[in-house]
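For chain G, the structure is supplied; the task is to place chain S on it using the hints.
2 protein chains.
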Amino acid sequence: MRIDSRRFLLTGGASMIGARTAELLLAAGAAEVLLYDNLSFDRPDAAIAALCATGRVRLVQGDVLDLPALTAACAGVDGIYALAGFMSAGIAKNPALGLDVNIRGLLHVLEACRQCGVGRLVFASSSAAYGYGAIGGGLTEAEPFHSAGVPAPPALYGASKVIGEQLCRLYAAQHGLDFVALRYSTVYGERQHYRSTNALYIIEAYDRVARGLPPILYGDGSETKDFVYVGDVARANVLAMEAPVSGEAINISGGRPLTVRFLAETVIAIAGATLAPEYRSAPTTGFRITADAPFYYDNTKARHLLGWSPEVAIEEGIARMIAWRRESVAAEGGAA
Amino acid sequence: MRIDSRRFLLTGGASMIGARTAELLLAAGAAEVLLYDNLSFDRPDAAIAALCATGRVRLVQGDVLDLPALTAACAGVDGIYALAGFMSAGIAKNPALGLDVNIRGLLHVLEACRQCGVGRLVFASSSAAYGYGAIGGGLTEAEPFHSAGVPAPPALYGASKVIGEQLCRLYAAQHGLDFVALRYSTVYGERQHYRSTNALYIIEAYDRVARGLPPILYGDGSETKDFVYVGDVARANVLAMEAPVSGEAINISGGRPLTVRFLAETVIAIAGATLAPEYRSAPTTGFRITADAPFYYDNTKARHLLGWSPEVAIEEGIARMIAWRRESVAAEGGAA
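From first to last, the protein sequence lines are chains G and S. The opening position of the first sequence corresponds to residue 102 in our numbering, with each subsequent residue numbered one higher. The opening position of the second sequence corresponds to residue 102 in our numbering, with each subsequent residue numbered one higher.
Just so you know, the hints here were simulated from the structure itself, not pulled from any lab data. Certain hints may be false.
[Said to hold, decoys possible] Reference excerpt, derived from the structure (chain G facing chain S, CB under 10 Å, subset only):
#: 1; residue: Ala193
#: 2; residue: Pro196
#: 3; residue: Glu244
#: 4; residue: Pro245
#: 5; residue: Gly259
#: 6; residue: Gln267
#: 7; residue: Gln275
#: 8; residue: Phe388
Keep in mind it's a predicted model, so treat the numbers as computed, not measured. No residue lacks a Cβ here, since even glycine has one placed at the ideal position from N, Cα and C.
Extracted from the complex, chain G is given alone in its bound form:
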């Protein structure tokens, strides 16, 4: 589907990924972009205000669990991005609501597509669809979902994304839905929130460094993660709406294993601090997401099907996130 002159709706539109995607849709000539969001997680901050000031973006306060409101908002929409969802920590706190938003909320998006004749859906899946624990190496889209020995919250989050993808496939088979599921690895960048357990290795680390405290690592810091910059994700979203591809799940990832020690040291270096990470054996509260071996999510399929590769190096992405954090803290009158 072309972007030029078309209308798009983004559930979870006020999120870091939503706002960045809206920006690129505008740049590609979209006629209108609706940010459908209940604002329970993200605030309509300066970034949202700037988007709305273009006259081509509207913030529609609504909930994906409210099917009539969602359907009403989808009238005349050409393409939808389903970005609304709970992550692991949120599901741990409220499993009933979290699973309802991720599963019934997505079913409502699918129903809205069907009822309103929306041409195409991009579903924000996750590399959590591979689970955690017994993984290692380069994971392709054929990898099954691993949950043995994994804490329940990330397993529930990942399984809810598996269900989301399968619901898209069910609607494709039964109603001819045209969709792509993008399995983002850990997304980070400007407007970073605290809801992503893995992204805390960057944002929480920086916020501690800004207060003169060392980032905390568990174990020896050799555990790895796969991070992808929010601007690269937004670009993948636009390409996924445009691509002549349907019914596929596609990794959108950094595509290399980064140790948590490297992440902490990079945050410290870019912040200009002279701290060393603090090593602890295990957290006293919450849960950890771990893997049994270094791993990354193979993004070859994204290159072949979407012409997408990550472009922003981790050091550059972290520098941008820190610059944004300092600006936003300064704007709020705090100390950066």
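Relative to the frame of chain G, chain S by itself:
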């Protein structure tokens, strides 16, 4: 937990597994067994009437989606069996309701356990928690969930069971819930229904043979399945309530690969017919559940943790199912 003098509630209690489990709980000295069921799938037939006639079994018509009704029914209950659920074909027809029953319905059971201080839960999971497709050999409980290339309905069913198990684990971690998840392979036997896509290889095959029609097989009939007799499953349910084991997922299976050709030929032979199966290339409606290689679900863990092994051979189980079918058809005045 001992069974003697205790009170139990079974969601989906009017089902083939529910009624059979109730029978064994009574035999083990249970004070009372409540069959909690909305009767949307199973009828209160002669088997249920016989149970209720003992004075120790009560049929409580209620829905797992009705939390207040479920909680009211759970007052004074010592142990719960969570047996209510939709299977693949039901989820294909009504994904919103099917996933709601399997996920939110189970959350309600967990909430009822917590609110009513129920001592122990046995959750009816499924070998569908391993998915389908790229599996083969003997599958242990560590096997991940496979969904690549699988039709959406069985993938959704399996993923809903993965979520069910993880919700049990979440309640164990957060509220100290004492539970066991039993991963039944395809259950068959007396009071067989048509909701289990794999069990159709027996019940639908027999019903065709009874009408003088050949059972239908797709492909060359060499595909395999793993079947477990309902009486063996009921015995596993009782042992799982009694066992000093918590937080485990355990395969309850026949433990050997049976070709669909063998199943059809066994049904024909035991029915005393002289038909041959009819081979077709692919079904014209619905979906098939297939695996890439012969497989079975390894039940070693059940032997070690529960002292359970399957006892009823497939030929004997099929003979019992056919005998029940002939009796029930005769009782309804039809032709057997």
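Status of each hint after checking the structure:
1. Ala193: holds (7 Å)
2. Pro196: This hint holds: Pro196(G) lies near chain S, its Cβ roughly 6 Å from the closest one there, short of 10 Å.
3. Glu244: Result: holds, 8 Å to nearest chain S Cβ.
4. Pro245: With a minimum Cβ separation of about 4 Å from chain S (threshold 10 Å), the hint on Pro245(G) holds.
5. Gly259: holds (9 Å)
6. Gln267: holds (5 Å)
7. Gln275: At about 8 Å, which falls below the 10 Å cut-off, the nearest Cβ of chain S leaves the hint on Gln275(G) intact, so it holds.
8. Phe388: holds (8 Å)
In summary, the structure agrees with every hint in the numbered list given earlier.
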